[in-house]
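Take a look at the letters that make up each chain.
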Amino acid sequence: DAEITQSPRHKITETGRQVTLACHQTWNHNNMFWYRQDLGHGLRLIHYSYGVQDTNKGEVSDGYSVSRSNTEDLPLTLESAASSQTSVYFCASSPDRGKTQYFGPGTRLLVL
Amino acid sequence: AQSVSQHNHHVILSEAASLELGCNYSYGGTVNLFWYVQYPGQHLQLLLKYFSGDPLVKGIKGFEAEFIKSKFSFNLRKPSVQWSDTAEYFCAVDMGRRALTFGSGTRLQVQP
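Chains Y and Z, in that order, give the protein sequences.
Count the first sequence with our numbering and you get residues 436 to 547, in order.
Count the second sequence with our numbering and you get residues 1279 to 1390, in order.
If we strip away everything but chain Y, and leave its shape as in the complex, we get (with noise of 0.2 Å):
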């Protein structure tokens, strides 16, 4: 079955330290997202791309990169972690804008 899948689940890391998080989809959607999830602040968008070579930057984009070099992957960086990073972080795709997301099982993140 077609599916979207995050690694690592669960990291820890220092401030200062970069860090990447995967996302991979195998349902061949052209639309791919990156959220991240606080209390408080339901979703938030982060980065998000409608192919490949295509990024472009949400809400809350600072110190977050991503790149699209295939359909099935999104890669989201975090240049230098911060405190502020620490938080849940939901990767997404859609057949096309405005349809349904999909999302992952999200990665929880610890920034010490």
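Bear in mind the hints are in silico, worked out from the structure with no lab data behind them.
Derived SDA-like pairs: lysine to any residue, alpha-carbon spacing no greater than 25 Å straight-line:
1) 1336(Z) - 1305(Z)
2) 1347(Z) - 535(Y)
3) 534(Y) - 1310(Z)
Dock chain Z against the given chain Y, drawing on the hints supplied.
Quick look at chain Z alone, frame taken from chain Y:
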């Protein structure tokens, strides 16, 4: 600014009680509407969606939602909740932008 509001942050109900969770958005154009559910420790799953047609939509597990365009609302309902409905519920709206805009979520606790 375009936004999605969920007025109830935490709802506590007894089993068999009726449920209604509010969702309002601020956008005057065409929208696609979603409700997602997140069970404890799990990822977001689609509960139901509205794209067009009958404004009363039915989803999984006995949930339904009604789109009232004049009120910019998409409230979620269930006539009789179960303990297994304990979860966090997110309203999301596609307002023709880059990605979905999520509400801050409503935590539902059903007491046996």
